[in-house]
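Chains Z and X are the protein sequences, given in the same order. Quick note: the first sequence, position 14, residue 14 per our numbering, numbers continuous. Count along the second sequence from 1, add 228, and you get the number used in our numbering.
Hints listed in this document are in silico derivations from the structure and should not be mistaken for laboratory results. Treat the hints with care, since some could be wrong.
Distance condition first, Cα-Cα at most 27 angstroms in a straight line; then the derived DSSO-like pairs of lysine-lysine [stated by the list, open to error]:
hint : chain 1 : residue 1 : chain 2 : residue 2
1    : X       : K244      : X       : K333
2    : Z       : K216      : Z       : K198
3    : Z       : K88       : Z       : K16
4    : X       : K426      : Z       : K202
5    : Z       : K88       : Z       : K105
6    : Z       : K105      : Z       : K12
7    : X       : K444      : X       : K430
8    : X       : K430      : Z       : K198
9    : Z       : K216      : Z       : K202
10   : X       : K240      : Z       : K16
11   : Z       : K202      : X       : K430
12   : X       : K316      : X       : K430
13   : Z       : K105      : Z       : K16
14   : Z       : K12       : X       : K240
15   : Z       : K88       : Z       : K202
16   : Z       : K88       : Z       : K114
17   : Z       : K12       : X       : K244
18   : X       : K316      : X       : K244
To give a feel for the contact side, a few chain X residues facing chain Z, derived at Cβ under 8 angstroms [unchecked claim]:
hint : residue
19   : S270
20   : D298
21   : T322
22   : S372
23   : L381
Keep in mind it's a predicted model, so treat the numbers as computed, not measured. Even for Gly, the Cβ is constructed at its ideal location relative to N, Cα and C.
Number of protein chains: 2
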Amino acid sequence: MNPEPRMVEVRKNVLKQNDVIARALRERFRSDEILAVSLVSSPGSGKTTFLERTLTLLRPRYRVAALVGDLATENDAQRLARSGAPVKQITTGTLCHLEANMIQKALDGWDVGKLDFLFVENVGNLVCPSSYDLGEDLRLVLLSVTEGEDKPLKYPTIFNSADVAVVTKTDLAAAVDFDEQTLDRNIQAVRPGIQILKLSAKTGEGMREFLDYLQKLRQPRSQAASAL
Amino acid sequence: MNPEPRMVEVRKNVLKQNDVIARALRERFRSDEILAVSLVSSPGSGKTTFLERTLTLLRPRYRVAALVGDLATENDAQRLARSGAPVKQITTGTLCHLEANMIQKALDGWDVGKLDFLFVENVGNLVCPSSYDLGEDLRLVLLSVTEGEDKPLKYPTIFNSADVAVVTKTDLAAAVDFDEQTLDRNIQAVRPGIQILKLSAKTGEGMREFLDYLQKLRQPRSQAASAL
Numbered sequence: 001m002n003p004e005p006r007m008v009e010v011r012k013n014v015l016k017q018n019d020v021i022a023r024a025l026r027e028r029f030r031s032d033e034i035l036a037v038s039l040v041s042s043p044g045s046g047k048t049t050f051l052e053r054t055l056t057l058l059r060p061r062y063r064v065a066a067l068v069g070d071l072a073t074e075n076d077a078q079r080l081a082r083s084g085a086p087v088k089q090i091t092t093g094t095l096c097h098l099e100a101n102m103i104q105k106a107l108d109g110w111d112v113g114k115l116d117f118l119f120v121e122n123v124g125n126l127v128c129p130s131s132y133d134l135g136e137d138l139r140l141v142l143l144s145v146t147e148g149e150d151k152p153l154k155y156p157t158i159f160n161s162a163d164v165a166v167v168t169k170t171d172l173a174a175a176v177d178f179d180e181q182t183l184d185r186n187i188q189a190v191r192p193g194i195q196i197l198k199l200s201a202k203t204g205e206g207m208r209e210f211l212d213y214l215q216k217l218r219q220p221r222s223q224a225a226s227a228l
Numbered sequence: 229m230n231p232e233p234r235m236v237e238v239r240k241n242v243l244k245q246n247d248v249i250a251r252a253l254r255e256r257f258r259s260d261e262i263l264a265v266s267l268v269s270s271p272g273s274g275k276t277t278f279l280e281r282t283l284t285l286l287r288p289r290y291r292v293a294a295l296v297g298d299l300a301t302e303n304d305a306q307r308l309a310r311s312g313a314p315v316k317q318i319t320t321g322t323l324c325h326l327e328a329n330m331i332q333k334a335l336d337g338w339d340v341g342k343l344d345f346l347f348v349e350n351v352g353n354l355v356c357p358s359s360y361d362l363g364e365d366l367r368l369v370l371l372s373v374t375e376g377e378d379k380p381l382k383y384p385t386i387f388n389s390a391d392v393a394v395v396t397k398t399d400l401a402a403a404v405d406f407d408e409q410t411l412d413r414n415i416q417a418v419r420p421g422i423q424i425l426k427l428s429a430k431t432g433e434g435m436r437e438f439l440d441y442l443q444k445l446r447q448p449r450s451q452a453a454s455a456l
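Next comes chain Z alone, as it looks inside the complex:
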């Protein structure tokens, strides 16, 4: 018995099942006119702080909610709930990523009414989440200025699976001698043409540009819907 080919085969089945559920989620988001945005990054890149600020700033004009994945604890859900938005924690146990069926289950038992934006914060991990489609419209990969400019070269798959790179904690750029040009070049090397946004959720720098970007993505859809 050679376990390796079996492992690959089982993994393929899991991924195939995941893709079927992700497709159903994507159709559901589309028909409900929800823009679903997922966030992936290392632990400690500032996903939760960034998301709390985003929810807080969007809430006056939009109906927003968030799902947040972690191995253990409800800490992140509690932090995000301070924004006033509905938030649900998904604890994954030892699993290092969210899967589409977890999103499906979390949504099915959740009465949040009609949404404009649904955010999904993945488990902090730069490897595992890359292969799992969650049905999102937009995947953001976050990395902070403190993590080193070579991250994209070392974790190319996650950058390849993302739609936007968000560089966080720009308020610390000077303290860590952040080399912006090198990071930009490394991101573009693994994912040519990807949009790069830079911001600090702490100081608010760059948040306006990010929110404008998100709102523009919703616009064509609403216009298309109203034109029907």
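Given the coordinates of chain Z, assemble chain X onto it according to the supplied hints.
Frame of chain Z; chain X shown alone:
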């Protein structure tokens, strides 16, 4: 067909195989009087900078070498090689952790002579490496002051599998309002009694205490050996 139990079964086989190889490695390190130290952390916690400094400081007195795991690139090996120590990169492709057989293979083809310390830098990941014994004597889990004080609560397994917690980038503590007491409490909550060291590889603060700690771990073994 239900893929989940098969996945669990295959995973158990892989782990069992890993443990057999890890045990052989541990015996080999013991008989060769090598102290094997592994490093795990998120991407961007400063493993490579810390290890480069450690190798540089140990080299005048000890024979040291390092293996370094990454999904892609030889960047870390190139950075570590600046210390003058022999360094070998292990690229894992899409695998989010090192396994014992990778260490075995890397060592078998490598003529480094007799060593005092072998360092093994794992792939940057706070989840996957926790289940894989690499035959090391000492596992260090690193986290930087910029990552948030709740990391131990959110990734308890990796802290449970470690022998020492190393808090890095203390030079940035003031800039991020680092709460030392909270972090210490959270680390002790998931791994009571674990040794915690705090340092900055950039400024050198705390490096002396770390090196003293490492050298003391070697001492009893050498004394035992010379007493034979």
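Verification of the supplied hints:
no. : hint            : result
1   : X:K244 / X:K333 : holds, 18 angstroms
2   : Z:K216 / Z:K198 : holds, 18 angstroms
3   : Z:K88 / Z:K16   : holds, 26 angstroms
4   : X:K426 / Z:K202 : holds, 25 angstroms
5   : Z:K88 / Z:K105  : holds, 11 angstroms
6   : Z:K105 / Z:K12  : holds, 22 angstroms
7   : X:K444 / X:K430 : holds, 24 angstroms
8   : X:K430 / Z:K198 : holds, 25 angstroms
9   : Z:K216 / Z:K202 : holds, 24 angstroms
10  : X:K240 / Z:K16  : holds, 23 angstroms
11  : Z:K202 / X:K430 : holds, 24 angstroms
12  : X:K316 / X:K430 : holds, 23 angstroms
13  : Z:K105 / Z:K16  : holds, 18 angstroms
14  : Z:K12 / X:K240  : holds, 18 angstroms
15  : Z:K88 / Z:K202  : holds, 23 angstroms
16  : Z:K88 / Z:K114  : holds, 16 angstroms
17  : Z:K12 / X:K244  : holds, 23 angstroms
18  : X:K316 / X:K244 : holds, 26 angstroms
19  : S270            : holds, 4 angstroms
20  : D298            : holds, 5 angstroms
21  : T322            : holds, 6 angstroms
22  : S372            : holds, 7 angstroms
23  : L381            : holds, 5 angstroms
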